[in-house]
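For reference, the chains in residue letters:
Number of protein chains: 4
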Amino acid sequence: MTSTNRIRLGMIGGGQGAFIGGVHRMAARLDDRYELIAGVFSARPDVNRASASELRIDPSRCYDDVSELIAGESGRDDGVQAVAIVTPNHLHFDAAKACLEAGLHVICEKPMTLTADEAETLAGLAQQKQRHLLLTHPYVGYPLVQQARAMVKRGDLGRLRMVNVEYVQEWLAEAPGPDNKQADWRLDPKRAGAAGCLGDIGTHAYQLSAFISGLTLDAVSADLSSMVEGRQLDDNVHAMLRYTSGAKGMLWVSQCAPGFENGLRIRVVGGRASLEWAQESPNELWFAPLNAPRQRITRRDDWLGDDINRGVRIPGGHPEGYIEAFANLYQALADQLNGAPADWLPDANTGVDGLHFISAVLRSNQADGAWATL
Amino acid sequence: MTSTNRIRLGMIGGGQGAFIGGVHRMAARLDDRYELIAGVFSARPDVNRASASELRIDPSRCYDDVSELIAGESGRDDGVQAVAIVTPNHLHFDAAKACLEAGLHVICEKPMTLTADEAETLAGLAQQKQRHLLLTHPYVGYPLVQQARAMVKRGDLGRLRMVNVEYVQEWLAEAPGPDNKQADWRLDPKRAGAAGCLGDIGTHAYQLSAFISGLTLDAVSADLSSMVEGRQLDDNVHAMLRYTSGAKGMLWVSQCAPGFENGLRIRVVGGRASLEWAQESPNELWFAPLNAPRQRITRRDDWLGDDINRGVRIPGGHPEGYIEAFANLYQALADQLNGAPADWLPDANTGVDGLHFISAVLRSNQADGAWATL
Amino acid sequence: MTSTNRIRLGMIGGGQGAFIGGVHRMAARLDDRYELIAGVFSARPDVNRASASELRIDPSRCYDDVSELIAGESGRDDGVQAVAIVTPNHLHFDAAKACLEAGLHVICEKPMTLTADEAETLAGLAQQKQRHLLLTHPYVGYPLVQQARAMVKRGDLGRLRMVNVEYVQEWLAEAPGPDNKQADWRLDPKRAGAAGCLGDIGTHAYQLSAFISGLTLDAVSADLSSMVEGRQLDDNVHAMLRYTSGAKGMLWVSQCAPGFENGLRIRVVGGRASLEWAQESPNELWFAPLNAPRQRITRRDDWLGDDINRGVRIPGGHPEGYIEAFANLYQALADQLNGAPADWLPDANTGVDGLHFISAVLRSNQADGAWATL
Amino acid sequence: MTSTNRIRLGMIGGGQGAFIGGVHRMAARLDDRYELIAGVFSARPDVNRASASELRIDPSRCYDDVSELIAGESGRDDGVQAVAIVTPNHLHFDAAKACLEAGLHVICEKPMTLTADEAETLAGLAQQKQRHLLLTHPYVGYPLVQQARAMVKRGDLGRLRMVNVEYVQEWLAEAPGPDNKQADWRLDPKRAGAAGCLGDIGTHAYQLSAFISGLTLDAVSADLSSMVEGRQLDDNVHAMLRYTSGAKGMLWVSQCAPGFENGLRIRVVGGRASLEWAQESPNELWFAPLNAPRQRITRRDDWLGDDINRGVRIPGGHPEGYIEAFANLYQALADQLNGAPADWLPDANTGVDGLHFISAVLRSNQADGAWATL
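Chains as they are written, first to last, in the numbering used here: chain A, 1 to 374; chain B, 1 to 374; chain C, 1 to 374; chain D, 1 to 374.
These aren't lab readings, by the way, just hints derived from the structure by calculation. C-beta atoms are modelled at their ideal positions from N, C-alpha and C, and glycine is treated no differently. Heads up, a few of these hints could be off.
Every beta carbon over 12 Å from chain D, so not counted as near; a handful from chain B, in silico [to be verified]:
| hint | residue |
| --- | --- |
| 1 | Ile57 |
| 2 | Asp78 |
| 3 | Gln128 |
| 4 | Arg159 |
| 5 | Asp184 |
| 6 | Ala219 |
| 7 | Gly271 |
| 8 | Ala342 |
| 9 | Ala367 |
Below, simulated SDA-like cross-link-like pairs (lysine to any residue); rule was C-alpha separation at most 25 Å, straight line [claimed, not checked]:
| hint | chain 1 | residue 1 | chain 2 | residue 2 |
| --- | --- | --- | --- | --- |
| 10 | C | Lys181 | D | Lys190 |
| 11 | B | Lys190 | B | Arg272 |
| 12 | D | Lys181 | A | Asp302 |
| 13 | B | Lys181 | C | Trp303 |
| 14 | C | Lys153 | D | Asn291 |
| 15 | B | Lys181 | A | Gly271 |
| 16 | C | Lys153 | A | Gln295 |
| 17 | B | Lys181 | A | Arg272 |
| 18 | C | Lys190 | B | Asn309 |
| 19 | B | Lys181 | C | Pro315 |
| 20 | D | Lys190 | D | Asp117 |
| 21 | A | Lys129 | A | Arg8 |
| 22 | D | Lys190 | D | Ser67 |
| 23 | D | Lys181 | A | Pro315 |
| 24 | C | Lys181 | B | Thr115 |
The shape of chain A in the complex, shown without the other chains (with noise of 0.2 Å):
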C-alpha cells in the first residue's frame, strides 16, 4: 500500500491574533493530509510575514494579497491545490471568486458570503470549474450528528413532527472592550453584513437542523432584537419555522446570554421517538422512543455506520471534540479530491441556502413577524 500525497494548502487570514485560522491549521494537520505552504494571512504587511515565519511558510510564498498569491501559485508545478479562506464575512466573497476562478479548491468560513447573490455566483462558479467549495459548518464533522441524521434517514423517529434547534452563547452579553478584534468586525455591518448573531450563529444552528432532519424549509417567522446598547446588529433571534412536509420547528439564537458557553443542541422529534444532540456534549446522542427507556448513544464504531466511522479515531470514552470534528470536513475533502465522494460535506448550495435563510429571517422581522417564505 502506498500513501498519497498530502494536499498543498494555502491560506487566506488567520494571522496572528485571529481565532478560527488556528482552528483550521489544527484540523488540516491532525490526520496529516494537507501541508500549509502559502498564504496571505494579514492586510497588514508585518502581521502577515511574522505569521507566515511563526507557521514556518517560506517567505517568498507569504504573499501581500490574494491575486499575488494565485499569480505565485499558478506558476510552480507544486503550487496550492487548494485554498482556506478564513477572514471576516465581507471578504470572502472576492477571494473566493478569484480562487475559483483560478481552478483552486475552495474551504470557506460562514456565511459563505454577504448576500445571496454572491453565493450563487460561487455555486455557479464551482459548478462551472467543477472545483470543490467546502464550506465549513464544522458541527456536521461531528460522528454523532451524523448518526442523527442516518437515523432520520432510516426512520427511526417516524415522519418528523418538531425540529427544536438553539444557538446560545454568553460573549456578546456586554458591549465588548476595546481592542477585541474578534468582536469588532462581527458587530460592524460593514464587516459582518446585515446579520449579526443570525448570521455568525444562526447559520450554524439552522445548517444543523436541515443536515440532521434532512427537512427542507418552508417560511419562517421572526423576531430579532439588539439587547445590548448600542447594538446594531441583531444579538437574539427568536424564530417559528414551517417545513414544507408539515413539521414546525422553533429557533432560538443568542449571543447576549449570560451562562451559555457555545449552546448549540438540537432536539428533532418524529412520531415514534425523538433525538437530542448537544454541542457541549458532543460524545453522546440522546436517542428516545416512544413509551421506552431513553437510550444514550455514544461515538463508537461497534454501532455506528461505516461512514460514520470514518471519523471516529479513538475508542468509544475517549472523547472527541469540536477539534475533531472540523478536522473530519478535512479529512472527507481530501478524500473527495481523491476521488472518494463525502455528498454530506457543506458545499456551495449549502452556503446559498443559509444566505437565503438569513434573507427570510430578516425579511419577516421587518415585517412584524409575518411569515417569509424562503
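Assemble the complex: chain A is given as a structure, and chains B, C and D must be docked to it using the hints.
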C-alpha cells in the same frame, strides 16, 4: 401551644378512576391541615357512593350534586369551609360560582374556566364575597421555583432579556385507545374548551414563566398544530412572546412529542446571569452568572429564604417531588385561612390572566401568527 | 367496595425539635391508612404535652413513658395496634421489646438495636408473638430500587461480579455547634452505640446493597476514621466486601465529606449488564448492557411490574421523593396487617443482619483491616 | 519573532493495526512541534515497511530494530532527537534503555517497565544522561485536571481527607475473540507483566490521584480478582489507600464491568470542599464547597491559570478531548526541550512510583489484603 383545627374540606369530582382528585387528597393530608368530610365525587351515583365509601366519608355527606352539597353543608355547624373542584374543565365555572356564592372558599383546577368572561365573573365574586380561590398551578409550589422568583426579584439576574419556557409531553403522541378517561375529555372541545394542550399544560407553562420572571406579557405570535391525525384540538404550540419591558420569550408546548414525560422547563436570562429549572429534577436550580462558573442551588434551608423554607419538609439531598409541591399550595392556603398571607398563591386573577393568554394565542394563530396583544 | 379501617398508631419519640418522627407521620398520613392516636413524644413532660397538643392527640393518650402507654392502650377496644419507635438508637431495644411483648406491631428506626444480641432477642420475640416489626430503611421503598432488585433477580445483569455502594454526607464535616439535637446523640457513643456514621447511614448502604443484589456478604475488610478532631466515633468508613458467591464489593460511607448532601448511590455489575441508582435522582435507574447503549428507566407504570407499581402514585415525569418512599413502607405494612404479604419489607431479621454487619466492620477495623466474616 | 524548528521524532512500535501509536502521532502533529522521520514500526518486516510507507517515512529510515535505528540516526546531522516507544509493555525497558544510552530523549507508554528495578535503572539513566523521559499518562494533560491540582495546592479544599478514584471499563468483560491484538498481549503475563488491568489502567488511576492530590501513598490493602473464566491476570482491583498525611482513599479498577466505556473518575475531599472530575466529561470540573452550591468550572481561559491555559486551544464551550490532552504532553515536552520547564510532566520517577504501586498492590493481595507499604 395549641394546634389550630383542621379545615373542613369538600370535593367535587375525583371519584374512582380519576387522576387529579387523588393528588389533591394526598396534598391536603400531607401536613394534616385539612379533613375531607363531604363531596360529590362523580355524576354517576354508583361511582359517587363507592368513592365516598372508599374515602370513609359519612354516607349522609356524599351528595348527588353541587347544589345539594351546598344545601346540606350550609345548615351544619361542622359544614365544609372549602371545596376542591377537580372535574373536567367545562364544569369548573358553575361549581365554583355556586360555592363562592355560598360563602365557601374554593380550590380549583386549571384552566379555571372555558372563557375569560367566566374567569372574570369568578374573580369578581371572590373579591365581593371575600373568599379565597386557590387555582392549582402546583409547579409554583416547588421551593426552588419560589427561590428563582426571589432571585429575579432581588436583581441577581440583572434586567431580564429572554424567557424560554417549554412544557412537552408524549402521552398523546398517538390517538388514545378506547376508554381512556384522562384523554377523552381533554381531546373533546365541548369539555376541554377551544384549547387543547394549550389549555391543559400551556397555561402551566405561561403561569410559571409569569411567576418567576415577574414580567407582564404584552403580545404573542403563535403557531398551533394538530399533529395526530383526526385530532380537533391543538397538540403542539409554538409561540414567540413580547413583554412590556422589552424582554422577549419563546414558548413550546406539546403533548405529542415522543421521549418527553412531563418536560416542563424554564430558562430566564438577564443581563448579568441566567437561571434554569426543570420540573423533572425539581430539587436543583441552576444559576449561571456571566463569566463565572454555573452553580447548582439545591432545596436546602441553609440558603433559601424563610418564606420559601415554609415548603421544605426534609433536609437537602432528600428529594421532594410533585406531591410536596402540590401540598405547599394547600399548606399556604391553610395559613391564609388562619390569617397568614401567602401572596404568591395562584388565585382567581391568575385564572383570568391564564384565560387571556389562551385567548391571545388562539387569536394570533387564527391570524396566521400576527402579534396578538393580551 | 368498603374501605378498611385505618390502623391505630402510637409513637414513641418524635416530639418538637426531632426530625424523623415528622417524616414517619407524613408517611403514615399520605395514603390514609393510619391514624395517630397516642404516644410518648418526649422524655421531657412539657415537650411531650406540647407535641401531643400540636398533633391533636387526646391529652389522655399522651403518656409519660412506654409502660404507661402499653398499660393505657391495652385496656381499650380502640387501643393502638402498632407503635412507631423514633427515638435515638439506645432506646430502641427496651421500647420495642415491651411493645412486642404486649402484642403490638412495631415500626422501628434503624439501627434496630445497639448490639446483635439485642437484635436477635427482638427477632425471636417478633417470631414468637407473631407480630410484625418493620425496620425503616426507607430507601428500599423507592419503586426503582425495587425495579433494580427485580431486574437482578430475573437475570438481566447475568451473574453478579461487583457491587459498589456509597453513602456520603457533609453535615458532620465540622464539629457541630451547641444544641444541635440531631448531631449530639449521634456523636455520643452512649446513645449512638459503638458505630458512628457506620451505624447511622452505613447500615442503610449495606441494607440497600443486600436488597438489590440479593447476595450474601461473607466477609469485610474495613478502615474506619474519625476525620474531625475530637470525634469519638467514626465519621468515615472504607470497606472491601466479599460475597459468598464470589462477587466482590466496595463500600464508602462518610458524614464528613463537604459537597455531598445525601449521597446514597449504588452500582451493581454483572457479566451482562450493570445498574446504577442514586438516591438524589430517585426517579431514574440506569441500565447499561454490555456493548449497547445505556438506558434510563423511569418510575413509570408502563414498564414496572405490578408489585412495584403499588408504590407509584403519580405518572412518570412527576417526581416522587423521600416521603413517598417512606410512605411505601407504611403502605406495605398496612397491606400486610390486612393480610397481603409484602415480603420485601425490612424486618427484625434485617435488623439482625445489619447488626452483624456493624459488628464485622468493627472487628475488621480493630484487626487493622483483616477480613472479618459475618 | 522566529519559529523554533520542529523536533525530529522516531517511533518504536505503532505499526498498522496498533492503537496507541496513532494517538501519539496525532498528538505530535496537532501543534506542529514535531516531525516523525524514522522508526521501527513492527517486528514483522512487511508490516514495518507498509506502515512506514503509509506514514510517508523515507524507506532508508525505516529500521529493522532499535539498535539499527540508533546506529542509523546517530550518524546524521538531521537524526532523531526523541523516540516514542509505543510497544507492548515487555519491550519498553530494552528500547528505552538503548535510546537513553544513545543520548535520545524518550517518550514511553505506561507502565514504564515490568519491574520496579527496571524502572529505577531507567530513572537513573535519564538522570545521568540528562535526557527527558516523558511517560505518557495522558489524563494529566487535561487542563481541568491541572486546574484541580492547582486548586488543591492553593488550599481551596482545606486539608485533604479522602480520595476516591476509579477506572472502570467493559471491553474485557468477556473472553476476547480470536486475533484481538489489543487484548491478546494485555492478557498474557509474559507481555503484560504480573499485573493485568492493574498495570494497564490502574497505573493511570493511581498516577492521576497522586497528581491531583499531591499526597504520598503510604500503604495499600488490596483484593484482586479474575472475574472472567480462564483469565490469568487480574481484571478487577479493589483497594483501600492510606496516605502519609493521614488521608484515606479508595481505588476501583476494572476491565470486566459492562456499561463502562472509559470510566476514569476521581473525587478529592478536603475539610472545606471537594472536587470531582470524570474523564468522559473532561471539559467540566465540579467544585463543591461545604454548605454552598456546587460549581461547574469549565475549560476556559477566563479563570484557569496561565500555566494551565497553555493547553487550551479553543474557547470554553468548544469541547476538547483525549487527543488534545495527549497533545498537551507532547507540547510541554517540546517546550522543555526548548528550555521552558514543565514540572508537571510525568517522567521516569513517575514510572518508578507506578511500579512501586503495582508491587505493593500485588504484595497486599498475596497477603490476603494485609496493608503493604510502598
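Looking at the structure, which of the earlier hints fail to hold? Violated hints: 10, 11, 14, 18 and 24; rest satisfied.
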